[in-house]
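Residues are numbered in our numbering as their position in the sequence shown, beginning at 1, plus a constant of 35.
Treat the hints with caution; some may be incorrect.
[To be verified] Derived DSSO-like pairs (lysine-lysine); straight-line CA-CA distance at most 27 Å:
id, residue 1, residue 2
1, 243, 501
2, 151, 676
3, 79, 751
4, 607, 252
5, 79, 243
6, 528, 538
7, 607, 501
8, 309, 319
9, 362, 318
10, 676, 726
11, 451, 607
12, 45, 362
13, 501, 362
14, 280, 252
15, 556, 726
[Said to hold, decoys possible] The calculated label-pair distances, taken between Cβ atoms and stated as ranges, are:
id, residue 1, residue 2, range
16, 268, 63, 24 to 34 Å
17, 455, 313, 38 to 48 Å
18, 451, 149, 52 to 62 Å
19, 236, 210, 32 to 42 Å
20, 488, 427, 20 to 30 Å
21, 271, 209, 36 to 46 Å
Hints are computed from structural coordinates only; laboratory data are not their basis. The beta-carbon is built from N, C-alpha and C at its ideal position, and this holds for glycine as well.
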Amino acid sequence: MNLTERVKTKAVELGADLVGIAPVERFSGAPLRMSPQGLLPGAKCVVVVGIHHLDAAVELGGQPTPHDTGPYDSQYLAMNPKLDDISFLLGRFLESCGYRALPIAASNIWRYRAYKDLDVDFAPDLAHRYAAVAAGLGQIGWNGLVLTPQFGPRARFVSIITDAELEPTPMYDGEDLCDRCMQCVNNCPTDAFRKEVARINEIEIGGKVFQFPETNKWRCAWAENFCLDLAHNIPERVDESVILKYLEKYGMRGGEEGCCLQFCMNPQLRYYDKSYCRPPRRKKQCHETDPEKLLSAIQEILDDAAADIAAIGQAEDFDDEQLIHPKLHLPDVASLICIGIRIRPECEDNDDYLSVVQRRLNYAAFNVAHHLDLAGYSAITNTRIYSELVAERLGIYESDAEYTVVLTSASLPSMKRPRPKSEAICEPEQLRNFSREAGADLVGFFTVERFERFRDALEAAGASLKESEVVEDIGLSYGPYVPRIIAEDAEIKEPSDWLEGAKSVIVLGLHFPDAALDTAKITPAETVGPFTFTRYEAQRLLGDAAFRVIQRLNDSGYLATLTYDLTGLASKVHSSRGMLPDMRANRFAAILSGLAFIGLHGCPITAEFGVRQVFVAIVTDCPLPDDPLYDGRIDCNNCEKPCIAACPTSAISSEPFVIQLEGKTIEIGNVDCFACDWAKRYCLSSQAGPKYCGLDVDAPIPQDRSTLAVAAAVSKVNWGVQKRHCNITEECLRVCPARGQK
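Make the full structure from the sequences, and use the hints.
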């Protein structure tokens, strides 16, 4: 199998419904800053993958108003995260084959304003819709969306740029997929296809020309991006200032399901059933009619999701039920699938763990519904049906579990099924191997006793590791920064703070593709988006791996929980994905498990990947041994220390602080926490990231180094709507020469 076929096969294994390869020549009309070559110099092609929207979610969501997204929320809760997973993992696959690969996020990282010579508002790093067309997956319709021959506009896409020479997919050359029925125009709640249309675009991609209106994106994004109420009397002219004034006056109502998507369908696939829904439906055939085969596939999905309990019931059994009416949510419902994951007492107050559980539930529900949808049935998730009541009705309710429900038109056999317990693992090497199988690149152990010795040595060194007060933004996602000062615990947390009776800690590390950091700020695109995406995505995938390890420990009779910041000493970094733990999070856990040393910039460095990984810690009462402390080459000893010169706030000292542990000398980078946070947490240094997002922010560090000074500084900045999408790439990481030996 050649590389192209291997890439396509891998994409499908990861969950893609559509895969295409676009050579960079098909992007000749793209602005350099939004082109494959501008993002990854030397790029040869773009791999584009797509996932199909659940038809019933599109058809039945957005009722009674587009704000009432309902089952359409599966896009945000499962589709985009799955596309992110595929982008990241396919990028890693290409890197493992010896090529550079730059994964791009599915959505929600962009510049709202024109940037230098890039005269484009709402500019993503790469436009996936154009990439999908360039990869031969469809056409651009009058609504500006990609129409595919299989699913119409009901697919979302993600792209991976690479210098691998893959075989291009031919451009789509079938019958026209858009007949200009104008349902997108007639149903647009902001009238974006008629008002403030600059021109009719003519976009050439791969020798094909596509025409569609050049809409005013500020008008188009009124509700979808900025969550403004569609009931407002929308002005004749909409721009950033109008958006900000309406946000200030009225606040946010919520997002929307785009009517340009909902009311669009290829003429070849379109039909109407007004008793079912207002929008057009997609014609499809049942490809799998054997209920037992469908049930077997569902059970495989549930096993992969590590769901603890599941049951299938018949919709007809709910006919006399006064509290649950499945047909209100799916008119042709025949079966209900209830899925649950238990929350053990030691994890019930752990937000890191709870977020992983919710992600697993969202994936389990979507993957089940998606399989049924592709088999030819209606299937939806994220309805307003009472999941707990369904669980009780089906006999699987447990007070310590979280539930979700899939509704489908498929007539499935009734079923009640607990998760089969996995084989117990007690030996360290068994656990190490299982952790790698679960997705970790690096695995290490240390005991609570080692942690206590380290804590004592750290406290004796007297280093200041965290600010005792921080400033939070309590304003809206867009517009002014509204500061609130809060106290934070600057004391070091211990394993027993996470789990009573803790005996040891398992540390998992995951590498993100090198190109994400190599290209940050310095390529023609001048973007920091891919690095923001990969650091976030690596953390999410590590959470998945840790969840599986915890379940295996539970099955073996042990307690366990997870944390992205074991000691509680990590700071935060601002990003489009919210405030993320900084790259120093779990650095001490990485040291104590023998996986890393700490660089002069304070970040963990490994022999395998340099600074290009993130870590998660699993605290458990399973007795595990101390792995040997790191005893390899310390790159900082012979380094010219570019991190010190590059730091825009001069936060890095040339003299690390030193502790002794088990006969070894451990150096820990001495970083001025206030100055570092000024750049990465509060975005007050342009070079750290704001200027690459189009924000002119360069506030000097004040003599009064207090949170009051921070509050004063952030409240004076004209953030505009870009505030939400101000992304940081720390200069110390970008210039660090430590790459590791993979």
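Hint by hint, here is what the structure shows:
no.	hint	result
1	243 with 501	violated (56 Å)
2	151 with 676	violated (31 Å)
3	79 with 751	violated (44 Å)
4	607 with 252	violated (31 Å)
5	79 with 243	holds (20 Å)
6	528 with 538	holds (15 Å)
7	607 with 501	holds (11 Å)
8	309 with 319	holds (17 Å)
9	362 with 318	holds (21 Å)
10	676 with 726	holds (24 Å)
11	451 with 607	violated (43 Å)
12	45 with 362	violated (38 Å)
13	501 with 362	violated (54 Å)
14	280 with 252	holds (17 Å)
15	556 with 726	holds (10 Å)
16	268 with 63: 24 to 34 Å	violated (43 Å)
17	455 with 313: 38 to 48 Å	holds (44 Å)
18	451 with 149: 52 to 62 Å	holds (58 Å)
19	236 with 210: 32 to 42 Å	violated (22 Å)
20	488 with 427: 20 to 30 Å	violated (50 Å)
21	271 with 209: 36 to 46 Å	holds (40 Å)
The structure is inconsistent with the numbered hints 1, 2, 3, 4, 11, 12, 13, 16, 19 and 20, although it conforms to all the rest.
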